[in-house]
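Chain A is already provided as a structure; the job is to place chain B on it using the hints.
Here are the chains, one letter per residue:
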Amino acid sequence: MNTNTIKEKKTKEGNATSIKITGAEAIIHCLLEEGVDLIYGYPGGAIMPVYDELYKFQDKLTHILTRHEQGATHAAQGYARVSGKVGVAIATSGPGATNLVTGLADAQIDSTPMVCITGQVGSHLLGSDAFQETDIVGISTPVTKWNYQITKASEIPEILAKAFYIARSGRPGPVLIDITKDAQFDSIDFSYKKCTGVRSYNPVPKPDQKAIDAAAELINAAKKPMIVFGQGVILGQAEAELKALVELSGIPAAWTILGLSAMDTDHPLNVGMVGMHGNYGPNVLTNECDLLIAIGMRFDDRVTGNLQTYAKQAKIIHFEIDPAEVNKNVKCDVAVLGNSKETLQLLLPLIQKNSHVAWHNEFKMKYDIEYNEVIKNDLHPTKDGLTMAEVIEEINIASNNSAIIVTDVGQHQMIACRYAKFNQSKSNVTSGGLGTMGFALPAAIGAKMGAMDREVVAIIGDGGYQMTIQELGVIFQHKLPVKIVVLNNDHLGMVRQWQELFFERRYASTVMVNPDFVKIAEGYHINAKRVSERKDLKATIQDMIASKDAYFLEVKVEKEDNVFPMIPTGASVSDIRLK
Amino acid sequence: MEKKWFTISIYSENNVGLLNRISGIFLKRHINIESLNVSKSEIENVSKFIVVVFCEEEIARKIVGQIEKQIEVIKAFYHLDDETIYQESVLFKIASSLLFDERQIQNIIKDNNATIVTVSREFFVIAKTGRKHEIDEMYMQLLPFGIMQFVRSGRIAITKTEMPISALLAKFQKS
Numbered sequence: 001m002n003t004n005t006i007k008e009k010k011t012k013e014g015n016a017t018s019i020k021i022t023g024a025e026a027i028i029h030c031l032l033e034e035g036v037d038l039i040y041g042y043p044g045g046a047i048m049p050v051y052d053e054l055y056k057f058q059d060k061l062t063h064i065l066t067r068h069e070q071g072a073t074h075a076a077q078g079y080a081r082v083s084g085k086v087g088v089a090i091a092t093s094g095p096g097a098t099n100l101v102t103g104l105a106d107a108q109i110d111s112t113p114m115v116c117i118t119g120q121v122g123s124h125l126l127g128s129d130a131f132q133e134t135d136i137v138g139i140s141t142p143v144t145k146w147n148y149q150i151t152k153a154s155e156i157p158e159i160l161a162k163a164f165y166i167a168r169s170g171r172p173g174p175v176l177i178d179i180t181k182d183a184q185f186d187s188i189d190f191s192y193k194k195c196t197g198v199r200s201y202n203p204v205p206k207p208d209q210k211a212i213d214a215a216a217e218l219i220n221a222a223k224k225p226m227i228v229f230g231q232g233v234i235l236g237q238a239e240a241e242l243k244a245l246v247e248l249s250g251i252p253a254a255w256t257i258l259g260l261s262a263m264d265t266d267h268p269l270n271v272g273m274v275g276m277h278g279n280y281g282p283n284v285l286t287n288e289c290d291l292l293i294a295i296g297m298r299f300d301d302r303v304t305g306n307l308q309t310y311a312k313q314a315k316i317i318h319f320e321i322d323p324a325e326v327n328k329n330v331k332c333d334v335a336v337l338g339n340s341k342e343t344l345q346l347l348l349p350l351i352q353k354n355s356h357v358a359w360h361n362e363f364k365m366k367y368d369i370e371y372n373e374v375i376k377n378d379l380h381p382t383k384d385g386l387t388m389a390e391v392i393e394e395i396n397i398a399s400n401n402s403a404i405i406v407t408d409v410g411q412h413q414m415i416a417c418r419y420a421k422f423n424q425s426k427s428n429v430t431s432g433g434l435g436t437m438g439f440a441l442p443a444a445i446g447a448k449m450g451a452m453d454r455e456v457v458a459i460i461g462d463g464g465y466q467m468t469i470q471e472l473g474v475i476f477q478h479k480l481p482v483k484i485v486v487l488n489n490d491h492l493g494m495v496r497q498w499q500e501l502f503f504e505r506r507y508a509s510t511v512m513v514n515p516d517f518v519k520i521a522e523g524y525h526i527n528a529k530r531v532s533e534r535k536d537l538k539a540t541i542q543d544m545i546a547s548k549d550a551y552f553l554e555v556k557v558e559k560e561d562n563v564f565p566m567i568p569t570g571a572s573v574s575d576i577r578l579k
Numbered sequence: 001m002e003k004k005w006f007t008i009s010i011y012s013e014n015n016v017g018l019l020n021r022i023s024g025i026f027l028k029r030h031i032n033i034e035s036l037n038v039s040k041s042e043i044e045n046v047s048k049f050i051v052v053v054f055c056e057e058e059i060a061r062k063i064v065g066q067i068e069k070q071i072e073v074i075k076a077f078y079h080l081d082d083e084t085i086y087q088e089s090v091l092f093k094i095a096s097s098l099l100f101d102e103r104q105i106q107n108i109i110k111d112n113n114a115t116i117v118t119v120s121r122e123f124f125v126i127a128k129t130g131r132k133h134e135i136d137e138m139y140m141q142l143l144p145f146g147i148m149q150f151v152r153s154g155r156i157a158i159t160k161t162e163m164p165i166s167a168l169l170a171k172f173q174k175s
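Read top to bottom, the protein sequences are chains A and B. With the UniProt record's numbering applied, the first sequence corresponds to residues 1 to 579, in that order. With the UniProt record's numbering applied, the second sequence corresponds to residues 1 to 175, in that order.
Looking at chain A on its own, in the form it has when it is part of the complex (with noise of 0.2 Å):
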């Protein structure tokens, strides 16, 4: 029944507005409708109706079996992030549904299309405490963008056309529907009409002309401005014009974690990253610039330090398409609401060239003491041990900065995102907001799926690793030329960090005792390497960059090497610490 689509079914009916099909055939129609033709999943009982139907359909709707649900959610979360499209899991109820929230609330902090949809059991035993019930509505509300529990199959289509509306407009985020098993079982006449507007819900607010226009007159006026452009600006698409407003008005610009890679790294006005691991000169600068022009970005503690004391000495325009997120943390002197596109759009023609030449210098004069004090040593150590820096310089080098570079969370995330090098948009894949360790395996498998002609590098610390370590079995099932490296410190190095700096070196539970890497990963049948010496490491990772197959690295690196520069909890951005 592989050919079992709605036009033959209408012609053999003759009905062309609508046909009759049960509610798990009308949730795959729903799919197909929305462009989806990938989704990650696990069955289990309240859900074997999709399943059964995605069985009829896998010549049209590829499922990836991932070997968790969280891994099937972070897969979504990767693919949604490189390709701009929605991703979507599945899930049966109870366990399995419960196993999305982690994944949920990711993609929620970090504003990530993402439709999940859950097997629930019959509506006739809803709140019976029957077998593989939860609340997963209930559960899953602090965490999604908008939910919704079917029990009715004739609900399904707009509901459906709903929940892709919801996810992928405005500013993104999950939605999960639940659906009871008799909904799945169900018939309706089924039709479909895309979602265009819910009465409720403005998803993109009307640019003002006016805060535009007092916007230019700041920028224009100021003497040392400074941009952070966060991730607004690549789900905005705004990237062209982002380029051409720090071109034309010579601004300094400095990007969060997720905004990194909305602009080239190597750009000569690009001035690196805010917040707690970000590079010495924007950090200190922000308590010295006079105006803060904030770009699709929402003020994260990470970011900002002590709110006491985070950039008082400047006027700040918050370029946003949240109007929740302007004034929550940081009080700007003017909003600009809207898509990020369209408000770069109407600034662009009002910005005077500029240069800031003096300006430049002072970003410069603090990168030389940032790279005097720490680059160096990341980057070329005189001692034996490996360090993470080094390791992404050689990626970035074997790569030529073209890669999609997936991380997950912990010390090698923030030195990836410190050195990785990157010159195209939506490359830099990792969970900001949540801090989700185990993210980074199964969103390396959605990355690549959404980028297949892309080189995928997953860089995973030893204690995260271990957390989603089975999604290797999706790589190898489905031979994705994902590559994995894990920088192994035998530690859980960011706790380990603390531990030694306010916690007077008290390692509680930070010391990990590890398995050998190589000889899980080949269990997997996925060719695998271990590097502990610099000299084997250029050569390795070339190997690596250049197999048209998955490949695991081990990379053994010193295992008490800290972070910095570092912002201690509650510190202002500018007492960043370099040692």
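Taking lysine-lysine and the DSBU-like style, the derived pairs with C-alpha atoms no more than 30 Å apart in a straight line are:
(1) A/K341 x B/K62
(2) A/K194 x B/K171
(3) B/K3 x A/K312
(4) B/K69 x A/K206
(5) B/K69 x A/K312
(6) A/K85 x B/K69
(7) B/K132 x B/K160
(8) A/K328 x B/K160
(9) A/K224 x A/K243
(10) B/K40 x A/K152
(11) B/K75 x A/K328
(12) B/K69 x A/K331
(13) B/K69 x A/K210
I should point out that these hints are in silico values taken from the structure, not numbers from a laboratory.
Chain B in isolation, oriented as in the chain A frame:
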């Protein structure tokens, strides 16, 4: 910043689960909901939540922003007490014998502008509408005689100034 009483008015779609979504926003910030009332509003098929909280204005503003962001919320506002006309309702259930034995009770009813809703052989029910402190006073007056049951509604409130939602109303009625 000083804490004050705020009345938050939320216009929303009438959907299952929305109350959970809204109350979660207060929960996340560890703000106690002092009173909650849900009813229909002046706009057809639009519900109105009235939530009373005691917090700093900054928090009230942020909460309203985060509430308004929810897909099924149409608009949300916050107001201070003196910007609204607000009331609560209560019911007291009292043993019928007291109505005849304790003449004072009749005076309490009169003085408080309360009404007797029903009288039976065993009990009678007094209803009163007013401000919280008026209700509290009446409660204290009746307490010595014995209250069989007591219940107070959430605050209901309307604003003195126009709720800036009339444009939306017009748009909805067109669609």
